[in-house]
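Listed here are the chains, written in short residue letters.
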Amino acid sequence: MNINIRGISKRFGDFTALHGLDLDVASGELLALLGPSGSGKTTLLRAIAGLEPIDGGRILFGDTDATRLSVQERRVGFVFQHYALFKHMTVLDNVTFGLRMRPRAQRPRSAEIKRRGLKLLDLVQLGGLEGRYPTQLSGGQRQRVALARALAIEPRVLLLDEPFGALDAKVRKDLRRWLRQLHRDTGYTTIFVTHDQEEALELADRIVVMNRGRIEQIGSTDQVYDSPSTPFVFDFLGSPNVLPGEVRADGIYLLGATAPIEAPNGFQPGPVDVYARAADFRVVGEDAAAIEGQVVETQRTGVLVRLTVKLAANQQVVEIEIPHPDPEMKVWLPGDPIRLRPAHFSLYRDRPPQPANITEDRSADYAAPGSRVRGQ
Amino acid sequence: MNPPAAPLNEKESAATVADTPFAPLVQTNAAIGEPRLVRWLLIGITLVFLGVFLLLPLVAVFTQALASGVGAYFSAMIDPDALSSIRLTLLTAAIAVPLNTVFGVAAAWAITKFTFRGKGFLITLIDLPFSVSPVIAGLVFILIFGSRGWLGPWASEHGLKIIFAAPGIILATVFVTFPFVARELIPLMQAQGTDEEHAALTLGARGWSTFWHVTLPNIRWGLLYGVLLCNARAMGEFGAVSVVSGHVRGQTNTMPLQVEILYNDYQFSAAFAVASLLALLAFVTLGLKSFLEWRHGSELAAVRGH
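Chains as they are written, first to last, in the numbering used here: chain A, 1 to 376; chain B, 1001 to 1306.
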């Protein structure tokens, strides 16, 4: 089922949770709403479910205008962050609740209801636990009961609110893989909310990055990670090093680099912010254009070596990660001079000064759209 | 228990386990392992207090009631006035308790599941009967329905007798026992939040089904407790009822009022006989609660355990 959202807005008193968002979700897609707390992602999810009345805009489920439909009529499978299982009911009764609540005319016979419930429990790998109560299950099992309960109503769309938020890291990883598989098998249009970028990248087909009630970027995981359209997106998907640079006619000059780095087209000359992740730096030799610095600290993290480097030009401290072992690489020691070049980076311009609390739209103030470039 | 000192302590605890029933609890958790003197002092104070303030009066009620023999005890019970007071008390409770149960659930539902203006004021208002003296509560109804009250003349024109009659007693009882159920449910429902109700809605349940299948099972123990407290107070209320009752023997006396009248008439054993009946009703209430807790203990734990 396609979900089309047109200009939905929501206010809580003076606080605007959603600023007129548009979003299209393709049928069968697994979509992540990613953002920090207060970004409006959960509000958006609850609005789609009908649990949060909206102040403006429309929500379409396929050809049906769902805006005026009640929660019950929308038939969405909603999985709550803390599962919201019915504590006084057995696992089977929880899963079959939706079927048992149907009007008498549409309700399957009780034997059929039970059969379907057991089948769903098999699907979520909880066969044999149908007689337990929720308190007798582990967190991961409860989560799967909640999922089976939502699937029982054959939902138009499956909505998951921070589905792994309350689980420990190991269980979370397993469940993620399992959910991905389940999505592939069942094909339900699925939207999930998360504040964990790793989770979003690993699980979703597409990611919607949200900030302060607006959508910063919508794109495939590759697009969002490799070409973040705003500094916010870049920042949220991995902490970047931000370097002051200058665009000139022949390229970008970075912090005392004697030669330019190839610049993307369309950037007017002038100062820019260069965003580069730790892993995007390369160590280069004497002859190439580079930023000069000095190693302050080294730390081995498995296959990578993390270097803390103080840049000569402005005393800025940057973190870089380089592979280890590297044929051309020597062992770095604190105090060693080092020459760096960002291999991948993004440019953003005209960053407005940031007041302590920003209430207005920030992303629109960037004069130039960010563009991600590959050096060389 | 600190590991280095463990062998020594274990020996000690083995000795104490044998001679005090509370020892295992205390010994297995060193953090609450008070010296023996303190333990005995605490237990002693509790027992003495319970004995003097609870057990002794209770024993006194039954001794006094049976002082003139079992025959006198039962004849005091089947006295027409006593029987009438029992009937009136049961009638009052039978009306006031269901009313306040429905109201309490509705109020707790409204307060915990919705946001609206004046919610804080409503919560304060629900507490009002707790903070107002029962005598005032009674007088309020005299002011409203008394012969010179606001609605009194209208009521008597229509042949309604409210003050110095059963309706007045019921009204005063409803007022006094108003907060019990709501007060019991509000914190419980606040702690439970609205996620389960929302889940039920997304699964297609209508409002009433959601209440019946999801909310009510979650609150039933709190509700039951509130109802029992409400019932105990409805049967035992003296002050407010005394003001509106008029003390007409055999007609407008509830059991507590009957006890007072008999006592003032120097009919001590009859007074205590009726009092013992009230005490027995309280026992039945408590017994019922314990029984339900015992019978549904695992379910109770399941609901509370989350």
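Hints are computed from structural coordinates only; laboratory data are not their basis. Check the hints yourself; a few may be wrong.
[Stated by the list, open to error] With a straight-line Cα cutoff of 30 Å, these simulated BS3-like cross-link-like pairs (lysine-lysine) come out:
no., chain 1, residue 1, chain 2, residue 2
1, B, K1289, B, K1161
2, A, K173, A, K87
3, A, K87, B, K1161
4, A, K310, B, K1289
5, A, K87, A, K119
6, A, K119, A, K173
7, A, K170, A, K119
8, A, K87, A, K114
9, B, K1289, A, K173
[As the list claims (entries may be wrong)] Footprint (simulated), chain A over chain B, 3 or more residues, beta carbon under 8 Å:
no., stretch
10, 1214-1220
11, 1261-1271
From a predicted model like this one, the values you see are computed outputs, not experimental measurements. Note that the Cβ used here is the ideal one computed from N, Cα and C, for glycine as well.
Hint-by-hint comparison with the structure:
The hinted pair formed by K1289 (chain B) and K1161 (chain B) fails the criterion: a straight-line CA distance of about 37 Å is larger than 30 Å. Restraint check: the Cα-Cα separation between K173 (chain A) and K87 (chain A) comes to about 26 Å, which is no more than 30 Å; the hinted pair holds. A C-alpha spacing of about 49 Å is found between K87 (chain A) and K1161 (chain B), which places the hinted pair above 30 Å, so the restraint is violated. At most 30 Å may separate the alpha-carbon atoms for a hinted pair to count; K310 (chain A) and K1289 (chain B) exceed this at roughly 72 Å.
Between K87 (chain A) and K119 (chain A) the CA atoms are separated by roughly 21 Å; this keeps the pair inside 30 Å, and the hint holds. A C-alpha spacing of about 25 Å is found between K119 (chain A) and K173 (chain A), which places the hinted pair at or below 30 Å, so the restraint holds. At roughly 27 Å between alpha-carbon atoms, K170 (chain A) and K119 (chain A) fall within 30 Å of each other, so this suggested pair holds. Between K87 (chain A) and K114 (chain A) the alpha-carbon distance is near 19 Å, which keeps this suggested pair within the 30 Å criterion.
A hinted pair counts as satisfied when its Cα atoms are at most 30 Å apart, and K1289 (chain B) with K173 (chain A) does not qualify at roughly 46 Å. Coverage of the stretch 1214-1220 of chain B by chain A holds [criterion: at least 3 residues with CB-CB distance below 8 Å; count 3]. A stretch counts as covered by a chain when three or more of its residues have a beta carbon under 8 Å from one of that chain; for the stretch 1261-1271 of chain B and chain A the count is 0, and the coverage is violated.
This entry does not satisfy hints 1, 3, 4, 9, 11, going by the numbered hints stated previously.
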